[in-house]
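If you want the building blocks of each chain, they are given just below.
2 protein chains.
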Amino acid sequence: MTKLRKVSGGVCAARGFTAGAISAGIKYPEGTRDDMALIVADGLALAAATFTTNKVKAAPVLLSMANLRAKRTRAVILNSGNANACTGAPGLTNAAAMAAAAALALEVKPEEVLVCSTGRIGVPLPIEKMTAKVPALAGGINRKGSLAAAKAIMTSDTVPKECAVEFVSGGKTFRVGGLAKGAGMIDPNMATMLSVITTDAALTRAELRAALRLAVERSFNRITIDGDMSTNDTVILLASEAAGRPELADFQAALEAVALDLAKKIVLDGEGVSRFVEVEVRGAKTAKDAKRAAEAVANSTLTKCAWAGGDPNWGRILDAVGYSGAAFDPDCADIDYDRVPAVRGGMPAKTPFARLQAVAAKKAFKVTVDLHAGAASHVVFTTDLTEEYVRLNLGE
Amino acid sequence: MTKLRKVSGGVCAARGFTAGAISAGIKYPEGTRDDMALIVADGLALAAATFTTNKVKAAPVLLSMANLRAKRTRAVILNSGNANACTGAPGLTNAAAMAAAAALALEVKPEEVLVCSTGRIGVPLPIEKMTAKVPALAGGINRKGSLAAAKAIMTSDTVPKECAVEFVSGGKTFRVGGLAKGAGMIDPNMATMLSVITTDAALTRAELRAALRLAVERSFNRITIDGDMSTNDTVILLASEAAGRPELADFQAALEAVALDLAKKIVLDGEGVSRFVEVEVRGAKTAKDAKRAAEAVANSTLTKCAWAGGDPNWGRILDAVGYSGAAFDPDCADIDYDRVPAVRGGMPAKTPFARLQAVAAKKAFKVTVDLHAGAASHVVFTTDLTEEYVRLNLGE
Numbered sequence: 006m007t008k009l010r011k012v013s014g015g016v017c018a019a020r021g022f023t024a025g026a027i028s029a030g031i032k033y034p035e036g037t038r039d040d041m042a043l044i045v046a047d048g049l050a051l052a053a054a055t056f057t058t059n060k061v062k063a064a065p066v067l068l069s070m071a072n073l074r075a076k077r078t079r080a081v082i083l084n085s086g087n088a089n090a091c092t093g094a095p096g097l098t099n100a101a102a103m104a105a106a107a108a109l110a111l112e113v114k115p116e117e118v119l120v121c122s123t124g125r126i127g128v129p130l131p132i133e134k135m136t137a138k139v140p141a142l143a144g145g146i147n148r149k150g151s152l153a154a155a156k157a158i159m160t161s162d163t164v165p166k167e168c169a170v171e172f173v174s175g176g177k178t179f180r181v182g183g184l185a186k187g188a189g190m191i192d193p194n195m196a197t198m199l200s201v202i203t204t205d206a207a208l209t210r211a212e213l214r215a216a217l218r219l220a221v222e223r224s225f226n227r228i229t230i231d232g233d234m235s236t237n238d239t240v241i242l243l244a245s246e247a248a249g250r251p252e253l254a255d256f257q258a259a260l261e262a263v264a265l266d267l268a269k270k271i272v273l274d275g276e277g278v279s280r281f282v283e284v285e286v287r288g289a290k291t292a293k294d295a296k297r298a299a300e301a302v303a304n305s306t307l308t309k310c311a312w313a314g315g316d317p318n319w320g321r322i323l324d325a326v327g328y329s330g331a332a333f334d335p336d337c338a339d340i341d342y343d344r345v346p347a348v349r350g351g352m353p354a355k356t357p358f359a360r361l362q363a364v365a366a367k368k369a370f371k372v373t374v375d376l377h378a379g380a381a382s383h384v385v386f387t388t389d390l391t392e393e394y395v396r397l398n399l400g401e
Numbered sequence: 006m007t008k009l010r011k012v013s014g015g016v017c018a019a020r021g022f023t024a025g026a027i028s029a030g031i032k033y034p035e036g037t038r039d040d041m042a043l044i045v046a047d048g049l050a051l052a053a054a055t056f057t058t059n060k061v062k063a064a065p066v067l068l069s070m071a072n073l074r075a076k077r078t079r080a081v082i083l084n085s086g087n088a089n090a091c092t093g094a095p096g097l098t099n100a101a102a103m104a105a106a107a108a109l110a111l112e113v114k115p116e117e118v119l120v121c122s123t124g125r126i127g128v129p130l131p132i133e134k135m136t137a138k139v140p141a142l143a144g145g146i147n148r149k150g151s152l153a154a155a156k157a158i159m160t161s162d163t164v165p166k167e168c169a170v171e172f173v174s175g176g177k178t179f180r181v182g183g184l185a186k187g188a189g190m191i192d193p194n195m196a197t198m199l200s201v202i203t204t205d206a207a208l209t210r211a212e213l214r215a216a217l218r219l220a221v222e223r224s225f226n227r228i229t230i231d232g233d234m235s236t237n238d239t240v241i242l243l244a245s246e247a248a249g250r251p252e253l254a255d256f257q258a259a260l261e262a263v264a265l266d267l268a269k270k271i272v273l274d275g276e277g278v279s280r281f282v283e284v285e286v287r288g289a290k291t292a293k294d295a296k297r298a299a300e301a302v303a304n305s306t307l308t309k310c311a312w313a314g315g316d317p318n319w320g321r322i323l324d325a326v327g328y329s330g331a332a333f334d335p336d337c338a339d340i341d342y343d344r345v346p347a348v349r350g351g352m353p354a355k356t357p358f359a360r361l362q363a364v365a366a367k368k369a370f371k372v373t374v375d376l377h378a379g380a381a382s383h384v385v386f387t388t389d390l391t392e393e394y395v396r397l398n399l400g401e
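Protein chains in written order, with this note's numbering: chain A, 6 to 401; chain B, 6 to 401.
It should be emphasised that the hints constitute simulated quantities derived from the structure, not laboratory data.
Be aware that one or more of the hints could be misleading.
It does not matter which identical chain is meant; a pair holds if it fits inside one copy or across any two.
[Unchecked claim] Pairs of lysine-lysine, DSS-like flavour, derived with a Cα cap of 25 Å:
no. : residue 1 : residue 2
1   : Lys367    : Lys290
2   : Lys60     : Lys355
3   : Lys371    : Lys290
4   : Lys11     : Lys114
5   : Lys60     : Lys371
6   : Lys290    : Lys60
7   : Lys270    : Lys149
8   : Lys293    : Lys60
9   : Lys293    : Lys269
10  : Lys355    : Lys32
11  : Lys114    : Lys8
12  : Lys270    : Lys177
13  : Lys32     : Lys11
14  : Lys269    : Lys76
Remember, it's a predicted structure, so these values are computed and weren't measured experimentally.
Chain A extracted, bound-state conformation (with noise of 0.2 Å):
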């Protein structure tokens, strides 16, 4: 295995991207946080992305699927406040509107262009306001925009997230590196979750397609805060071809690193969350029992209004996997905090309730769950459900 090093730069990290963003007042008055965002490679970059399976897709997913299809994609551009959802043939137009206008400021075309959108659904976007300023912002783009852009696309997150990596293969250095947005409508096969990521490194489009469906499959698909899909998710993946072209495995553990590390950011920064939480559940018969018992847990409300509180409530825990169809026999299994055994076959372990709750006053802790009917084993990461998170979600 490679080593990875830390860089910083973000999105930016990798040779041949520019970022930057703009302020166009589309949900908060103009001049009060930039809320666009726009994302270059110097030259034609080979493109490949994943997109929310919900089978209602904002208009930016549709657009950037379609567009995909192009050859090569030069840029990406951003905007949070209005997620150009339930927007109908206006809001396809609209989409439209903003990679043309992205095309027209950068000299490329249009279908060179990707777009992502994210925040408030069903409500038209202000589209001649972000349109003007496309110009500036194309006009501001450089080499250490990354930040920038990766606040001008938080909705309810509370901090900007960014993460990139060096490695060295064959004698070459690559760097692979991104940036993300969560915060709320969170779920393993995507969310209301926008990620661009970029690498200097040189792949065919079918290996590119290849490494981020399994990086996805293994960082974005894993977290969970409240069950619920979006119709907007999107991650992006931008590879300029600068560096030459590296080990193939070199490439993805370090795809991985910044997808995982871009996942694990969006969790802990979850709307109202006072715990991070690793499920793991092992022992199971198959590998789909393993994942359908560790989303039941990780999903149960019950069982994160429980880590909310700080207790180490097994026995929801067991409950939730009796109930996600998952093959095992109750009396067989274990349950952990950390390395603290709550549960030995099926029953209360001789564990102090104290060592449990010490546990899970934690921050971050890992709860394993070993069903004992097999090999196969599944991670999700995920968090509390407080008081804090219904009420940052009540509404208008």
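With chain A fixed as given, assemble chain B onto it according to the hints.
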């Protein structure tokens, strides 16, 4: 359709049944509240029952499943304060001891007694304290004991739940009545939910089983509060045969009315509930699609938070339908709050937002989603998700 008349008496409304309750100090100090209940048929009754589908089944569920194989049933003994779940072999012994104590006091066979427990998971029953109280419990049963029994099985319920109806069929008068407890861990396919329903109708065991299965499918299996399915859910139907044989359809209607009334009472009394919401999905391609879409909406954390805030957030509803797996064209979907259009053809309807807000501000309202993809429909009864719910479930 036969006419149903509401009557008093709950689980003792039908001829041939008595009930009572006593304080055994299971969770709270003895004398502070009743926590054991007994429901007894004057003679041997026919019984049918449905239980949790959770793989983790509490000891009383396993014992009652076994005892249902007896030809007839004479009594149901119930307790709150302790679920006798995840208690291993000693738990089964304790459940059998409850049945044996009741059998001894009533001079019947142990296998003619069914057992229900609700409360904490993973804590051994204080069985000596409990069995010591059974003679007094059995000595105190009477025709007016339903309310006391309904109160004794409450956990976080705030009100006891009873219902009874009378109907005339073929010139004879029949009654169906019952009691129930609910409060938390409520989800379709049974919940931390106990219900005993009695009738004086004489039907075959196969008829009773089929009638109960259908009634549960249309009532208790349509309610959801938090999406968590408990280890102890039980619905028992006892028939004394004292009133002779009704038309089967008349009996079915009465049984369903009682079950639906009890199910709705459980939802209305859910933990921290401030809103009762009926979710109907219609125009689905298949019955399965209608069900999965309705349940996705009813269990969507974000949708439930919006309702708690009185926000008629149709975007979250459409999002939930989108990830439910139901087949539909998002550009054709309609959503109504009561009869006020919120979405038409996948886009915001031209309804002033204040009109939708007025509906969502009510204590009870109906959300209708029309997928325009077929003719199947499904109804689920659910609630909002409040800060109080989280507070109540923070645990120890």
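Okay, the hints, checked on the actual structure:
With identical chains, the CA atoms of lysine 367 and lysine 290 are never at most 25 Å apart, being 31 Å at best within one copy and 47 Å at best between copies. Taking identical chains as interchangeable, the C-alpha atoms of lysine 60 and lysine 355 lie at most 25 Å apart only when they sit on different chains, with a minimum of 24 Å there against 48 Å within one chain. Taking the closest pair of Cα atoms, lysine 371 and lysine 290 come within 25 Å of each other only inside a single copy of the chain (21 Å); across copies the shortest separation is 42 Å, beyond that limit. In the homo-oligomer, the alpha carbons of lysine 11 and lysine 114 never lie at most 25 Å apart, since the shortest distance is 34 Å inside one protomer and 72 Å across protomers.
Proximity of lysine 60 to lysine 371 under the C-alpha cut-off of 25 Å is restricted to the inter-copy arrangement: shortest distance 24 Å between copies versus 33 Å within a copy. With identical chains, the CA atoms of lysine 290 and lysine 60 are at most 25 Å apart between copies only, with a shortest distance of 15 Å across copies and 31 Å within one. Proximity of lysine 270 and lysine 149 under a CA criterion of 25 Å is satisfied intra-copy only: 21 Å inside one chain copy versus 60 Å between copies. In this assembly of identical chains, lysine 293 and lysine 60 lie within 25 Å of each other by CA distance both inside one copy and across copies; the values are 22 Å within and 17 Å between.
Taking CA atoms no more than 25 Å apart as the test, lysine 293 paired with lysine 269 passes inside one copy only; the shortest distance there is 23 Å, against 35 Å between copies. Only between protomers do lysine 355 and lysine 32 lie at most 25 Å apart by alpha-carbon distance; the minimum there is 21 Å, versus 55 Å within a single protomer. Taking the shortest alpha-carbon separations for lysine 114 and lysine 8, neither the intra-copy value of 38 Å nor the inter-copy value of 71 Å comes in at or below 25 Å. In this homomeric assembly, lysine 270 and lysine 177 never come within 25 Å of each other (Cα to Cα): the closest approach is 29 Å inside a single copy and 69 Å across copies.
Taking the closest pair of Cα atoms, lysine 32 and lysine 11 never come within 25 Å of each other, the shortest separation being 34 Å inside a single copy and 54 Å across copies. For the homomeric pair lysine 269 and lysine 76, neither the shortest alpha-carbon distance inside one copy (32 Å) nor that between copies (57 Å) is at most 25 Å.
The structure fails to meet hints 1, 4, 11, 12, 13, 14 from the earlier list, while all remaining hints are met.
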